[in-house]
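Enquirer: So the chains spell out like this:
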Amino acid sequence: MKCLYCKSIFVTSIGWRDLFGLDHEPLLCEDCRGELVFIEGEICRQCGRAFSLFPEKYRQNDLCSDCVEWNQKGRSISKNRSLLQYNSFLQEFMAQFKYRGDAELIKAFKSGLQTLFNKEFRDSILVPIPLSKERHFERGFNQSVLIAGLLDIPMLDALARPLHEEKQSKKSRLDRLGNRTLFSFKTGSEVHGKSIALVDDIYTTGATVEAAGKILLDHGARKVSSFTVARG
Amino acid sequence: MRFATIPTKLGPFLCPEPLANQSTSLFPISKLTELPYPPLQSDFNFDPDLQAFFTGRLLLLDEIPFPLQTIQAHYLHGFIQYEKGITKEEHGLSCRRCGNQDKELFATFSCYRCKEECAYCRNCIMMGRISQCTPLIRWAGPATGFHVEEPILRWDGQLSELQSSASERVYELIGHAGEILVWAVCGSGKTEILFAGIEKALREGLRVCLATPRTDVVMELFPRFEQAFPNTQVEALYGGHSSMDRASPLVLSTTHQLFRFEKAFDVMIVDEVDAFPYSYDKTLQFAVEKACKDEAARIYLSATPSEDLLARVRRKELDVIHISKRFHGYPLPVPEFTWCGNWKKGLKKGYVPKVLTEWVKRKLDSGRQCFLFVPTVKVLNDVYECLKSDSVDFVHAEDPERKEKVNRFRKGEITMLITTTILERGVTVPEIDVAVFGADHEVFTSNAFVQISGRVGRSIEDPYGEVTYFHFGKTKAMASAKKTIEQHNSRSSREIDK
Ligand SMILES: [Zn+2]
Ligand SMILES: [Zn+2]
Ligand SMILES: [Zn+2]
Ligand SMILES: [Zn+2]
Numbered sequence: 010m011k012c013l014y015c016k017s018i019f020v021t022s023i024g025w026r027d028l029f030g031l032d033h034e035p036l037l038c039e040d041c042r043g044e045l046v047f048i049e050g051e052i053c054r055q056c057g058r059a060f061s062l063f064p065e066k067y068r069q070n071d072l073c074s075d076c077v078e079w080n081q082k083g084r085s086i087s088k089n090r091s092l093l094q095y096n097s098f099l100q101e102f103m104a105q106f107k108y109r110g111d112a113e114l115i116k117a118f119k120s121g122l123q124t125l126f127n128k129e130f131r132d133s134i135l136v137p138i139p140l141s142k143e144r145h146f147e148r149g150f151n152q153s154v155l156i157a158g159l160l161d162i163p164m165l166d167a168l169a170r171p172l173h174e175e176k177q178s179k180k181s182r183l184d185r186l187g188n189r190t191l192f193s194f195k196t197g198s199e200v201h202g203k204s205i206a207l208v209d210d211i212y213t214t215g216a217t218v219e220a221a222g223k224i225l226l227d228h229g230a231r232k233v234s235s236f237t238v239a240r241g
Numbered sequence: 048m049r050f051a052t053i054p055t056k057l058g059p060f061l062c063p064e065p066l067a068n069q070s071t072s073l074f075p076i077s078k079l080t081e082l083p084y085p086p087l088q089s090d091f092n093f094d095p096d097l098q099a100f101f102t103g104r105l106l107l108l109d110e111i112p113f114p115l116q117t118i119q120a121h122y123l124h125g126f127i128q129y130e131k132g133i134t135k136e137e138h139g140l141s142c143r144r145c146g147n148q149d150k151e152l153f154a155t156f157s158c159y160r161c162k163e164e165c166a167y168c169r170n171c172i173m174m175g176r177i178s179q180c181t182p183l184i185r186w187a188g189p190a191t192g193f194h195v196e197e198p199i200l201r202w203d204g205q206l207s208e209l210q211s212s213a214s215e216r217v218y219e220l221i222g223h224a225g226e227i228l229v230w231a232v233c234g235s236g237k238t239e240i241l242f243a244g245i246e247k248a249l250r251e252g253l254r255v256c257l258a259t260p261r262t263d264v265v266m267e268l269f270p271r272f273e274q275a276f277p278n279t280q281v282e283a284l285y286g287g288h289s290s291m292d293r294a295s296p297l298v299l300s301t302t303h304q305l306f307r308f309e310k311a312f313d314v315m316i317v318d319e320v321d322a323f324p325y326s327y328d329k330t331l332q333f334a335v336e337k338a339c340k341d342e343a344a345r346i347y348l349s350a351t352p353s354e355d356l357l358a359r360v361r362r363k364e365l366d367v368i369h370i371s372k373r374f375h376g377y378p379l380p381v382p383e384f385t386w387c388g389n390w391k392k393g394l395k396k397g398y399v400p401k402v403l404t405e406w407v408k409r410k411l412d413s414g415r416q417c418f419l420f421v422p423t424v425k426v427l428n429d430v431y432e433c434l435k436s437d438s439v440d441f442v443h444a445e446d447p448e449r450k451e452k453v454n455r456f457r458k459g460e461i462t463m464l465i466t467t468t469i470l471e472r473g474v475t476v477p478e479i480d481v482a483v484f485g486a487d488h489e490v491f492t493s494n495a496f497v498q499i500s501g502r503v504g505r506s507i508e509d510p511y512g513e514v515t516y517f518h519f520g521k522t523k524a525m526a527s528a529k530k531t532i533e534q535h536n537s538r539s540s541r542e543i544d545k
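Keeping their order, the protein sequence lines are chains A and B.
Those letters in the first sequence? Residues 10 to 241, per the numbering used here, in order.
Those letters in the second sequence? Residues 48 to 545, per the numbering used here, in order.
It is possible that some hints are incorrect.
Beyond 12 Å from chain A on every Cβ pair, some chain B residues (computed) [said to hold, decoys possible]: (1) P95; (2) C161; (3) M174; (4) R201; (5) A224; (6) I368.
Only pairs whose alpha carbons sit at most 30 Å apart, straight line, appear in this in silico DSS-like list of lysine-lysine [what the hints assert, rightly or not]: (7) B:K131 x A:K142; (8) A:K16 x B:K523; (9) A:K16 x B:K450; (10) A:K11 x B:K391.
Rather than coming from a laboratory, the hints here were simulated on the basis of the structure.
All values reported here derive from a predicted model rather than from experimental measurement.
A virtual CB, placed ideally from N, CA and C, is assigned to each residue, including glycine.
When you get a sec, could you build the whole thing from the sequences and use the hints?
Expert: Below is the structure:
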């Protein structure tokens, strides 16, 4: 079959099909799959980054020192889990998905995301991070909705993004950490007492999901976590 | 984008969603069975800048740096047409920009622009997404004229006898509908044979395009064309550098960038001599045909003409000129096949076959420079790990240090260069051998092999470099390359004899 990303022809080994069934047949060729780094092994309990990727001295038990610091200030997101390391291959891959608008690409991660969701977020409902109207029109789709859509679980359109993203990306990290007005709550959304998994493409500083989580908690959500494809 | 259909006394016309009245019903362009084209009203005061920008182009709305109101006004007066980006044909979907009809290369998503399940073309996604609701927009008014000041051509080089007869044939074709195949090998001096013909075309106010699958060929030819045609605004189009200025009479373009043209050119030169690792596939043929005017002169430069072209030559539908004898008149080296066992398995365990290490050692000991071609970047990295030393380096198509490395190789500071790609024409090293490792891999087509042979033995002092294919099972491509090279050589020797 043809690799979804690089379009080269490849053969799936029989073993793969026998083990996982046709549904789990990989859509990417061996070379492309080889470029992906799955997050495995010991991770920070909170932000979900792999301990193997940074110096031991930034680790305190099962937390990274960023999270220890952040927890003192209080935070709304109980945990983040990402499927993949945001390496240079994945950066290009996600750029083709998001910026060039190649919606189909995200299907390559379907089974991986399903497995991660079942392991970590079982009883949560999905709330995709929204785009502004301008950005949504320009792109034609919202990448978070496409990601959430891979899971065959009901999703809730509980948030809106009144500001155009352009203004946001120019701000520094600190600015963004303090930014809580990024999103607004869509009145009537049923979040009360629910455990919610926010869905986004990339988790970098966590500021985006943090801002979204705060609003959901304010409106009565029991717990908010973050479910992302890539960990920057 | 969605459109409203508005009835008028001249018939219905389209109005794009952002300009439409709130209450009118809107449809994606794909859902409109018939697209109205308002008649050309020649007394309309059209925008000459828009004309100069747009002539011969077929673009997405996002690619047009003019306000939507301006575009719509020109549409209403028949100077612009909206077209479906993707059409539904009997057999399935078809992309109007790149010609893709392969089911595997269409996908759908739930589209916020048209509020429908919207199919898009994955084949030309790198040029900006075309989906079913995306209009393609063309200029339908009078075309911009081109005029180039004399002297048009500044070049005083000498052509060989074979070159000048080819040059004359090209010159004669300019201004007529017709086709010619120039059968040239890498290093045969094919650019120069085009100059006289291009000069004639520019003098007659015609528009000329040279298209090639490779970005680096465009980059390399650009300064040469600018120098040869000093009074012409030469336009170079390749990925990441597609200036969208006024239409130019002389365009150098990668074949992908051609997707943005329609009925633009009077003269189309397709240079696939150095195409490897890209192939001149169906998509690119479509792009070339679409970019040509109906009565265009078409010139194909090729080292390894496709079976289609050759069949047309045999049926006498297509004229052919050979400049297959390279400028020093020596034949291409015939490849030698060397079986090297299961090289993939070896690489996984971290070693390369002994026959290869021995070959490399022989070259390095003798100090003779060589290229080692490998099929993929992954293999490149693995092989380099096994062979690395002070005199060995590697380069691939996207290598940021590509230029430096090539320069160091040219200066002789590197003895062996491992590579996935044919290098720029500037790399003519006097004494050189070539090996292809993993020659049974599918990237090595027969055409690729012939082009690889074209890199070897390119000087009068040392015309007989050697070419070795290390393989785990002989492929059709290998055999056919060998045959093609032998045929080339026998033709060359006949021409030398006469
Ligand atoms: Zn691939
Ligand atoms: Zn952490
Ligand atoms: Zn297309
Ligand atoms: Zn659409």
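Enquirer: None of the hints should be skipped; say for each whether it holds.
Expert: A quick look at each hint next to the structure:
no.: 1; hint: P95; verdict: 30 Å, holds
no.: 2; hint: C161; verdict: 9 Å, violated
no.: 3; hint: M174; verdict: 9 Å, violated
no.: 4; hint: R201; verdict: 41 Å, holds
no.: 5; hint: A224; verdict: 35 Å, holds
no.: 6; hint: I368; verdict: 35 Å, holds
no.: 7; hint: B:K131 x A:K142; verdict: 25 Å, holds
no.: 8; hint: A:K16 x B:K523; verdict: 22 Å, holds
no.: 9; hint: A:K16 x B:K450; verdict: 28 Å, holds
no.: 10; hint: A:K11 x B:K391; verdict: 20 Å, holds
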